[in-house]
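A.B. asks: Spelled out, the chains give:
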Amino acid sequence: MNTTTAGMVFVATLAVALIATYRPLGDYMARVYTSTHHSRVERALYRVGGIDPDADQTWGTYLRSVLAFSGVSVLFLYLFLRVQHWHLFGHPYAVPQMSAHQSFNTAASFVTNTNWQSYSGESALGYVVQMAGLAVQNFLSAAVGMAVVIALVRGFARHRTDRLGNFWVDLTRTCLRILLPITALAAVVLVAGGAVQNFHGYRPVTGLAGGSQSLPGGPVASQEVIKELGTNGGGFFNANSAHPFENPTVWTNWLEIYLILAIGFSLPRTFGRLVGDKRQGLAIVAVMGLLIVGSAVLAETGQAVHHGTVPVAVGAATEGTETRLGVPDSAAFATATTMTSTGAVDSAHDSYTSLGGAVTLLDMMFGEIAPGGTGSGLYGILVLAVLSVFVAGLMVGRTPEYLGKKIAGREVKLASLYLLTTPTLVLVGTALAMALPGERAAMANAGPHGLSEVLYAFTSAANNNGSAFAGLAVNTAWYNTALGVVMLLGRLLPMIFVLGLAGSLARQRAVPASAGTLPTHRLQFVGLLTGVTLIVVALTYFPALALGPLAEGLH
Amino acid sequence: MARFTATARQYTAAVRILVLFTVLLGVAYPLAVTAVAQVPGLKSRADGSLVTTGGQVVGSRLIGQPFTDAKGNALVQYLQTRPSAAGTGATGYDPTASGASNLGPESVLDTLPDPAKPGDTGKQSLLTQVCTRSQTVGALEGVDGARPFCTPGGVGAVLAVFHAGPGYQGPITRVVSVNEACPAQPFLADYQGVTVQCATFGPDYTAGQVVPIRGSAPAHPAVPADAVTASGSGLDPDISPAYARLQAARVAKARGVGLGQVLAVIDKHTSGRDLGFLGEPRVNALQVNLDLDRSYPYHTG
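Protein sequence lines, in the order shown, are assigned to chains C and D. Residues in the first sequence are numbered consecutively from 1278, following the working numbering. Residues in the second sequence are numbered consecutively from 125, following the working numbering.
Hints were generated in silico from the structure; no laboratory data involved. Just to be clear, a hint being listed does not mean it is correct.
[Said to hold, decoys possible] Derived contacts from chain C toward chain D, CB cut-off under 7 Å, selection only:
#, residue
1, L1291
2, F1353
3, Y1355
4, E1399
5, N1475
6, L1485
7, P1493
8, V1591
[To be verified] Ranges between beta-carbon positions, derived for each pair:
#, chain 1, residue 1, chain 2, residue 2, range
9, D, P295, C, A1815, 17 to 23 Å
10, D, C306, C, A1708, 35 to 41 Å
11, C, Y1305, D, Y135, 28 to 34 Å
12, C, Q1374, D, Q333, 45 to 51 Å
13, D, A263, C, G1715, 39 to 45 Å
14, C, W1363, D, L399, 46 to 52 Å
[Claimed, not checked] Calculated Cβ distances over 12 Å to all of chain D for the following chain C residues:
#, residue
15, I1773
16, T1817
17, L1824
Using N, Cα and C, we set each Cβ at its ideal position, and we do this for glycine too.
With the rest of the complex left out, here is chain D (with noise of 0.2 Å):
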């Protein structure tokens, strides 16, 4: 009975503690922060760094937006922000679904469309979405959009090569362009003598060995990193200095301006390393696509 008095003393104390505290750092303390945050000059910045033009609020200096039509097709008066894989839209961006595309580095094999199904767009690998990418922007800014490990035609230069024998021994006996889909010209004609086929969907061609071919790209290519890699929240508000120059020049002819002019924006709202050392050199697009309209209105036609 002692035993059971105590026990039963132990868990009320656990309730009666959890409640006062639910309180007090549950309530009181998050109101509290709150509170302080109402003064000028932290209350913008607690309602979400809002950005607006003309009396109207058109997002947060801190939160990446598209710029591109509602299908996902960039604007060319704009800076184009990064890839995301936030939401399912076309645009990606969504606030109400952050996150990740959350693909490894071997991300290679693509699950090709079931020609049963119409409309069925398959998976694409990471690697097939960079690659894709990088021809996407290299059009676009009229630059060489090739990198290593794809195929011109933009998609991961991918092989898998089946042997005699186990193990990945013995003479191969097929060899397979596992992202490029039939009726397509496979991007190597042949792979150590054998002939390489286009791919179809079904079949698991892991079971062969997935060879990556590097290609003769270049190590840097002209399209950026960050041009054609999604970020961690999908609402990255920055690019890279190196990607903001690359668009000027579209940016300058679409807005009939020189492309002095548009860098001098960019560089206005590029911001180095905090203190020399903290996180890396940006560019702000929203701030850089708003000055701009302010500056050089874009005209259709």
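For reference, chain C alone in the conformation it holds in the complex (with noise of 0.2 Å):
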């Protein structure tokens, strides 16, 4: 088998796998979020808490509920790096102060499903924070996108209500039932194949050439399951899933995208169930795939023709890869990790060919929704859905419905608002940091490559994704605090418009299909969004990479 048959199977052998999860882990999130039983762990965590399970919460204390708890996330984590380097958690090897404006840009990293790494893992982190400060968020922060999408979806299977569920009880469920079995059995999987978990600090060996090595150890198994089901993609190391410790074999290298992609493609099936309707889920899963599989097309393309100065001079596009991994398997994994929001690499996504490095920006900005981080992808794509029946209804001039809401003004509205959001920040963001001049210094590579990093990196921050052009040098107050406050903005600010939409589709009664109602099961619905889609991202960001990838791939 050559390589290019080989990436091929590998590809279609994880479109089989996560087909066949569909079904069994869609229907069994849909049973979670709709039992009405507490298990006895989930009573003493709601005992303590002081929390009533049995409460429905407007989408207001909904929403306050999520801020209070981001915003106290992020305070115990900024705390927790600023005291990290104590003698107290008994570190076995020196663990240097993070300084403020790193801590804050990590704690906002972590919490919001970002992780955005401006530091490196194994020089800069101890174990004690790595477990119970980053490795809590990627969980916690995973549950929270799960919990507001389902807030969503309550709100249109519900009518006449101004109740859509429990965040606590949601957030506990979606640790408790659903990310942590995951977890703990791939976890085991991962050491099987070769992923460390230790406490042993760094062991010195003398290698057979004479020369010293430091063998890093740590709990990387745990976190490095989390970091890729939860969407996250903090790495342990800094080199993040290339790092062999992390991602050792070639099938744990599959096993991780697998995982990435897992929940956000049987969320659909969830929301089908919900809405009482799985043809609805069909459609939106219908529309992730052709999304995810055109993407992967172009990147392994990109990858594997090779294109550009340095790589034909190489004569493959080796550069940053793996051997063991190869060009086509970590192109698949870029796809991935930029099509959620998960942001882990197994590849140096800066060294990729212009155009494979472009599909890897492109897919950001699709606002990850394909099938996107967990949770927020879904609830990113239930507003293009919005979005479209709006386009649709106003093409043949009839009052917009979608799952028998109305799509009226303040729905509209809503999604106007969460759509722009993210390009807002992406733009401006980078237009400043080009027009400040110690900031453009910070770029590795010059002309249309430098844009291209600072783009990435708050194409990254603004979606949360986490990933990076890694070449511009981010540890600076100004890159660490901008970067921070982009992510904080990026991911609240979609939450507060998706639960407003939530609460005022439950608001309604519910409108019945007529012979004027656009059916959103149908192939022809499936083709508007993707349309929808690629316009919306093509409008927002063309000029954009016109000026960077663009402009290299076809120098």
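Using the hints, put the two chains back together into the complex; each one sits in its own frame.
C.D. replies: Here it is, written out as structure tokens:
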């Protein structure tokens, strides 16, 4: 089998595995969110937390719970990072103090499910903060995204109510019934592959050639799996999933990609179940599938054809790629990580061919909806669906409806605000960085590639992705603060609009479908939604892309 | 007041839930996974897949190491691993600083050394790094190190072409080979009738049109791709079978054994794609070198 065929089979097996998971995992998650039963552990948690699990919240209360929890989390993680160098934590190696701006950046990054890292894990962090600070947010930030989308789905499913469910219950169930069982199992599998899980610190060894090497340890496997499943992406080590102790073998690479995509691709089934029409979920997952397959084909082609001066000189796009993983499987990982909000990398995107690199950037600009971050991907695409039925309504001159709910002024305004948030953050942030001489100098590459680095950084932060064209020197007070603020706004503003939309939808009574209703489960709608997504992205970002990677690729 | 109490309740709940989950997901969960990882079979992997010889730990099966002297020169008796961007040392492969070069596909312009600063080495573009490595490996293995877009001297073959008019229009006034510092003889005597000059430190040549010159090197050079590029982690334990086999003759000569014997050891540690489609074929360099030391010890002199 040659490299290209092997890469195609690799992608195909992932697709088959995800299709096989769609129903069981989607149905399971639907049961989790509709069950009236609280387990004993959950009851204990609610009791200590002072929470009435059977209290149904309005969208305002739900939102305030989300914001309170996120605020407390940022503050807690910030303080934890500021004191993580204390000897109290019994580090097996010297851990430096983290600066205030970097701690803020890192706290914002992990709470917003971005996992942008302006530090390198092996030298900057101790085991305790990785485990009890960062990895906890890997679970919780993913669970918050899931909770918010479930509230939105309830908005569609419920009628004439102001109640959307209970945030604390949704959060707890997501962690304990969905994320924890999968991660616990997958962590052990990853250890079997060679991912490390110990508390040894650095082990000095004398290599065969006489040189010395310090082999790292750490609770890596347990953090690695939730990093993928929760679409977080923050690596234990600087090299992230390219590091052999995080992603030791070719099959752990496959498993990690699967974990990145598993929940995102199954949630549409949960959505279909909850709104009482499984075909609606199928239509949404079809759009996700179309977009990610298109993106994978482009990324794989860009990397395989390896256009560009250095790739032609080398004879392949191997710079920044691990031998065991190879170019096609790395491009598959890159597609999965940028089409979700993961941002883990198993190869250096900065060294990708211009066109391969442009695809990863474009993927994030889609707003990460195919399938997107755990939870956030589905609410992203549902907002686009609302916009799509509105566009269709304009074409035929009828009041648009989606899932039996009228899409009127308030809904369209909230959807538009949602869609304008990230592009505004990306473009204003990039423009500001380019206008400041010191920030411009932080680029590692000159010319269009340098612009791509900055554009990538802000796109990654605003979309809560976290992957990087890592050449950019971002551990400065300005970048840490600016990107930290962009991450928080890029996460919380959309959540406000989504929950507002949920509240507004839930209040309505169901509109019976009539002859003028656009069916939203047919191919026609799949095409419409795909088209609207492509057009929104193209119109927003094309000028910036033309100045960066496209200028470089056509050079 | 009622609103204030409601808000206070939200925040109290947030703090309590966060603390509870920190204990559960941040302490109990990783410790439980660590406990399970202590069972025989898993433990050695959880501890880092260490490799021992003669009771001494010499590294990890999964973490690449340099088989060079402290200056980064290849030790002829060993299979060499890939170039590495991990750490700042001459040899790379520093597990305390894993990472990639992060240099882009059009990184073709070197920063030349500043003659006013003694010891300044400048900053090589990715293209020049690739060209230099190709020449070094070619010389070591006795094959042609030529590559597209590389000068015979082993730097990036890149011209800055200055035109009389704006927008790269009008007659060419000046051509500089930007990566060849004076007094070097440029790799090309003239470009479209204009004499090519060597470069000096200081001027910004990007004002000209940057033109990489393909040259006549074969599209599939004798030195394999992985031998001239750094990995994503800088800790890649593997090399391609092509690169391993290219090194076999030199290793056999150094150890005074037949080529076939070294190739047999390499084949023993070559893995194909898992299940026929996962990843790429690869050779674990540490395992080959350990096996070679065991079977055909190297004697200096």
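A.B. asks: Checking against the hints above, which ones are violated?
C.D. replies: 1, 3 and 9
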